[in-house]
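Chains as they are written, first to last, in the UniProt record's numbering: chain A, 1 to 766; chain B, 1 to 293.
Hints may be right or wrong, so weigh each one.
What the hints assert, rightly or not - Derived contacts from chain B toward chain A, CB cut-off under 10 Å, selection only:
id, residue
1, ASN36
2, PHE37
3, ARG91
4, VAL176
5, VAL183
6, THR268
7, ARG275
8, THR277
Hint data in this document are derived by calculation from the structure and do not stem from the laboratory. Note that this is a predicted model, so its numbers are computed, not measured. Backbone N, C-alpha and C fix where the C-beta goes; we use that ideal spot for every residue, glycine too.
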Amino acid sequence: MSTVPARTAQDLTADVAGGIGHSPQRPDGVLKVRGEFAYSSDLWADDMLWGATLRSPHPSARIRGVDTSAALALPGVYAVLTHADIPGPSKHFGLVVSDQPVLAIDEVRYQGEAVAVVAADHPETARRAVAAIRVDYAVREPVTDAAAARADDAPRVHPDGNIVRYARIRRGDPAPTADVVVRGEYAIGMQDQAFLGPESGLAVPAADGGVDLYVATQWLHADQRQIAPCLGLPQDKVRLTLAGVGGAFGAREDLSMQIHACLLALRTGRPVKFVYSREESFFGHVHRHPATLSYETGATRDGKLVYVKGSVVLDGGAYASSTPAVVGNATSLGAGPYEVPNVHMDVWGMYTNNPPCGAMRGFGSVQAAFGYESQLDRLAAALGLDPVELRLRNALHQGSTMPTGQVVDSAAAVREILTAVRDMPVPPTDPGTDPLGLPGGAGNTTHGEGVRRGIGYAVGFKNVGFSEGFDDHSTARVRLGVVGGEPVAVVRTAAVEVGQGHVTVQQQIARTELGVDRVVIPPADTSMGNAGSSSASRQTYLTGGAVRAACRAVRDRVLDRARARTGVRDGLDLAGGNVVDAGGAVLVPLAELLADGEIDETAVYRPRRTAPMDPDTGRQDFAHLQFAFCAHRAVVDVDTELGLVRVVELAAAQDVGKAVNPGALVGQIHGGSVQGMGLALMEEIQVEGGIVRNPSFTDYLIPTILDTPPMPVEVLELADPHAPYGLRGVAEPPTISAAPAVVAAIRAATGRPLTRIPVRPQDITG
Amino acid sequence: MDFLRPRTLDEALAMRAERPDAVPIRGGTDVMVEMNFDRRRPGALLDLAGLAELDTWHRTADTVRLGAGVSYARIMAELADPLPGLAMASRTVGSPQIRNRGTVGGNLGSASPAGDAHPPLLTAGATVEVASTRGTRLVPAADWYLGVKRSALAADELITAVHVPVAAGPQQFAKVGTRNAMVIAVCSLALELAPATGAVRVAIGSAAPTPRRCPDAEAYAGAEFADRRLWTVGSPLPAVLVQRFGELVAAAADPIDDVRSTAAYRRTALAVLARRTLTWAWREFRDGGRRCA
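Isolated chain B, as found in the complex (with noise of 0.2 Å):
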């Protein structure tokens, strides 16, 4: 096998143009679980660590780009201000040892529907930054998932960053797991409301082939939430527009019995979390802050 370390962002699309059967590897938390149990023998692996081009982010007034380096440890550090979902999402993965080194832009290269990162880029409307020796290209996260672990990137393709808006909003972020820390979501759930346009958006992971959006949820409560006038009044939500809530995100699910939980289970706990995330960033407006968690 070998080892391609380009010491440019340039060098290293040259390599992944030359190399179609180079597997990128950043962090490694995927890759070189995948290589450790023999379920996956590229080639070569085409080394992005040396990269300082994907190790930066910038943000501007509207929008955060996000080095595809940038390590879930950073993203809660540095970035729980404009990116709260995000941030969220990220202090759910793995152990610290995990967050050090692990990055959203493995979370899009492996595109498995259980990835953390996913639902609130969903709900935040990002768009995943792309680019080849061809020329740089931007697709929107919608359009990134495919199928399980199948992604819009074409194969001489490297994810250079993905550009996510800052929040307009409050944003929540729940996963359910069968313990408390370091483990691999049964389902998560993202939420995040937009005050100025009146949108609830609602995104889930673990729960379908790929993530998703759940519209007919977000079509409900934006509905709701218009003709209650609750934007403007701000009373505490109806227990019925909850309980709708969470039973058009479940609804919204296509999820499969396997080794972490059931089919079942898991459209009973996206409820809850709707329900729940849903209160909680209801409060966050009311109270007029940006966070509650």
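Looking at chain A on its own, in the form it has when it is part of the complex (with noise of 0.2 Å):
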């Protein structure tokens, strides 16, 4: 049997000075830059078989019958395997509720849900092998109308009914009346996370019985937690770790490949690789919730917000996901970043033939903020106020109570970041005549015919980690010794480097901590404790947390050598690879204490708990632990005859408490604009009757190079006491602000009232 798969260069101990606060080098970012970093697709055994997938080409379809003599009879093919091949004693998975079945039971719930998994010794034969399988399908109706799914004689896609969960919020009065009011429907297609990795790894059978996996994902042990009942194996014999990850933005919080890799190495006893190609992508993650939204907005004629009533149906897709929780969001943030005294919210998340949804960059809040930052621009038009104005007038702030009852107990910046946005320099008016800085760029559709420019505001928030009661927790640990003479700190953790640079961070902390250079940082695996999820804008927080506890143990152990070596006991500091006193002075290197041996602790970190909203009220005094908050300002140019869009330029304000790598944070900023003005103008995956219509990248548009604007960025550091470093998670927000603010920029150029996003060409030209 093999051991560990070969796999390219990945050396995460490269030097990299500096400690928090600076902007070192990410370890992988040369090899990355230079296409020699090894991702979960570049992995490899000599022995191994490839896997490939059957997937259902219907929506809705009783299985009759599922025949796969052909493809087992095919030369070079080692097993076929069906639901009644998984030992169980599980044969579901889901990261919520356990929903999904492993390969699809007596039928298929949507387009492109897994039936059958063969392995074969060429990834084509594997193919062949996949086309050989022939199914028996009873073609049922689909249910793609998530609204109407919640008719009681609605068609149910599971017994149990169609609504995977109602929350809802009643705060205030309950028949509350304004001067002025404003309605609206709101629209918001699905997006998808368009990671660059496609769905890969490699399971390898270990002689014990278990199963060695390498798979790129967003949390190890989830997935683990997931998989083991599915193989018959306890959970200590299902080992995962972490392989080159090729982007995820919640699209690898779910399983894909993993329990069926393992099933296949198990059954075969030799090595399996998937590796999922561009199309198969498409189906194989779950995506952002289409939502409708409908609100009412009442406020007093001098602009002070009375109350919000939103109702919100979240398209959940054929299976559970992470939808409770993206309508816990929905609902808990529904009404923005405001003081708001009275709150109606009430939110459906569904389950319907269509593609599963679930965890996406801004889980909720994207969706939510389109509908009430669209009203606070209808409200300030109806109201003849300045859409800034408005806002401040109503911006949420430290010690505000939101519609739950939590009162924010740390910086909430609305008013500042908005600010900040409105006061920076406007870009020139003219846009000059060359099409590449025009609406429709290379296309050379206008040289200035039909260009107006509008500007726009918005401001959202999203809660940092996870929340409503979930116990959330990261573990590290860290080990100080001695290599080539030179103190070497060893960091491990089972956190997740999706990309957004978390081992960096790690690296930060710890030379930070412990006063060292040289820190390494081990591939994660789940021989370390649960580090959560790299979602939730979390890790720096959680994780950072985790690390930053174990290397005060470890720094506290030290000290307590020097203190008993130097005989000096106050004042001591770490520095420079050394123990230094109150001056700055050595007392003695760190190398030679370490001599006595190397010093290793673990550490689990626990923010503070969060608790359940109430069900009949949404009345929480702590359903989250920390808020984070971003302010966009979009200009854009907009061909009015045409329907092309140009953003001129979105730039940005946010509050991330402490910029731990101030340089990567910019950088989530800039990504994170980007998606959500994906998101504002071309970022859908077309779903008719249940079918995808675009699974490719030429035709699921994402942003190129010359669809993105000049982003500036203001950076606050309010601290927030309760977290580490006093640091706000930074990921999510700047995706939520920023497709609301295009679309408000569109209208102010276009007067349409653009209630739905994607906003298409013919929906400006009408």
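Taking the hints as your guide, dock the two standalone chains into a single complex.
In structure tokens:
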């Protein structure tokens, strides 16, 4: 049997100086730029087989029979598995609810659902074997309208009904009235995370009857927890090691090929590798929930919000995935980052036969923000107020009470970030006549004809970390030893580097806490304690907190040794690889202290524990750990005759508490802004009758560099006293406010209501 | 799958005759995508990348013979003066990487209604040169496109070159896509003015099963320009003329609703592009220059 699969260089030990507040080069940066970084799709074992998946062509069908005989008869095919081959005890998986069959059992509920898997000695053979499997489908009419699926007599996607979760808020006056009331209906299309590295991994059967899985994921322990019961193995016999991750954005939070690869490896006794094609990838992961929103917003004549009534239907598709938590966010954050005395929110997360939807950057907040921000602009127009001024008059701040009743107990810099983007210099008005700088870009569609400029603002917010009572925590182990006469820290966690730069942050924390330069980050694996997911903007907070705690435990022991050795009691510190005194003078080199033996400490970091919202009122004093805010100002040029848009500038301001790595942080804000802009203008998985019409990067468009405007960023650092280093999660907020800001700017340029994103050219031309 | 690598054009033609199942490949920007998406599993690939005969262009007084293997990047860099419309269309193709690999020969071979090179070839009255072991023949671009991804190319033929008349007046090309670069056309339009003959020529892409000329719009504009003696007077175009021209171009389209857009939007956009490109080309003619974009 094989052991560790061959991989190309993935050296995370490179010496990159810099602690907290610096922007050291990422240890994986040069490898990635050179194309030398080993992604999960590069995994290799000499004796491995190739896995392939048969997927349903129908969004809804009974399976009357599956005939695998022709596939099994093909030379080079080692196994063909259906649900009957799953050892169990479980044949289902799911992040929150275990409702998704590993392989379809008697029915399929979405186009692309896995029905059978194959292992063969060549990927082409595996594909042919998949094509040779005969499935007898009795096609059913799919349930595709999430709002209609709420009806009692609607056809059921699952036996217990179509509502995955309904949540609500009832705060204040049950029948509020106001001087000025605006209403709006809004819709959001299905956005894809569009990561570049397709789902892939390698399962290697182990001598102990277990399996080692090398995989690109977001959360090793959640994978392990779901995989093991389907293999009939105890958790410790299913060992996961992180392989190189080519982007995630939420799409790797659910399982894809993990169980399939393990099943085939255990069945064949050979390592089994899966790599999804780009097209298959569109069916291999969950997407952002499409949503329909209905809002009513009331205010006094002088622009103070009186009430918000919101009703949101999120289409969760065929399986629950993280829909319950997405519903929680859309509910609790659905009134926006404003002080609103009376709030009614009703949010449904639904089962349909559309593609399953789950985690994506912004997670429920993105959908709600398009609703509440569009409403604020409508209200500003109705009041004759400047949209920024209206927002400032109602801005949430520290000490404000959320619709749940939760008091915001650290900075809520809504006013500061809005003013910051408003006060940035505005780009020159004349767009010139070069098509590349105009809407339509390289297409040479205008030399200035029909072009009008618009400016729009939006602010959004997001909960950081897991909410509503989840026992959120992370674990880190830090070992301080000597290599080649120099002190070296080894930081081990199960936290996943998805490209966000977490390995860099871990190194920075260890350098700051331990005063050493060399910090090694071994690959994350399940031999370490749970780190939680690389999602919810939480890893720097949670795993950063764990690394800091472990480092401080190591540091305490080092200083104890130093005190014993030197007799100096007070003012000891670690710096430059030495123990120094209060004046900075070297007392003893770390290398010398560690000659007595390395120091090894493990720490679990638990932030304050949240609690569930009341199901009737949404009431909860501490549903969310922390809130993070971002504001955008979008400047756009719109070709009003062709409906084409060029974003001229997308300025952002965000409070981050503490910029642990300012360079990476601005990169996150840029990336999130572009992802939000993509949702506003072009990114949509088009689904018709449950069928995906554009599963390719030819027709699922994401912004290119020529679509990407200058993005000035202002970073505020208002420390949160409850968080490590005062930091605030960063990754998601920019994705939330970018889309409504861009759409507001297009509305300003065109006068069109534009209630649906992405905005299509024909929505502008009418 | 066999990978055939001829060293000369004659060898390539012989292979093509022997292996009707072989798909010719040059830049691979279409063929490889189809293979990667598992839409095509040909018995063989016939690699034309090594054939120097296809990689050159030659200009005479009134025509450019453009080898089928000349990349879009080279057209932009080397042929913008004699073939401005084709060079403008080349600038809208894919990304820099695609333009380094992709060729007009490949566009003609794929014969997609969305191919960016087609409309300017149609307005220019280009001729496609094809060869086989039976000999060489010339096919007018207007007769090349038979249907969606179907062309006049016979199973044993290879596209060797396209003969494009040197621009005799202002040429324009515009393409609508839903992002600002690297996008397949929602619709496209090429236009040229031929002051010597008084012709206004216009062709559209992604607007019908094949790229096509717009004869009614051309006839209308030709007659109006003549009646109003615009070529000699050189006055600005009357708004009513520009408007009507746009309507006739839109009417020439036979578009569909698909994943990239709607039929109605395509008609709207083609009318806009027709009005704008006619105005740009006319301004260029009046200014006496050759190009304005």
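Restraint satisfaction for ARG275/B [CB to CB of chain A, less than 10 Å]: holds (8 Å)
Supplied contact hint for PHE37/B, tested at 10 Å Cβ to chain A: With a minimum Cβ separation of about 6 Å from chain A (threshold 10 Å), the hint on PHE37/B holds.
THR277/B as chain A interface residue, shortest Cβ-Cβ below 10 Å: This hint holds: THR277/B lies near chain A, its Cβ roughly 9 Å from the closest one there, short of 10 Å.
Interface hint outcome for VAL183/B [beta carbon to chain A under 10 Å]: Holds, because the Cβ-Cβ distance from VAL183/B to chain A comes to roughly 7 Å (cut-off 10 Å).
When the least beta-carbon distance from ASN36/B to chain A is tested against 10 Å, hint result: holds (7 Å)
Hint check, THR268/B versus chain A [nearest Cβ-Cβ separation less than 10 Å]: It holds, given that the least Cβ distance between THR268/B and chain A is near 6 Å, below 10 Å.
Per-residue hint verdict: ARG91/B, partner chain A, C-beta under 10 Å: holds (6 Å)
Restraint satisfaction for VAL176/B [CB to CB of chain A, less than 10 Å]: Given a least distance of 6 Å, the restraint on VAL176/B holds.
Hint check: no violations occur; every hint is consistent with the structure.
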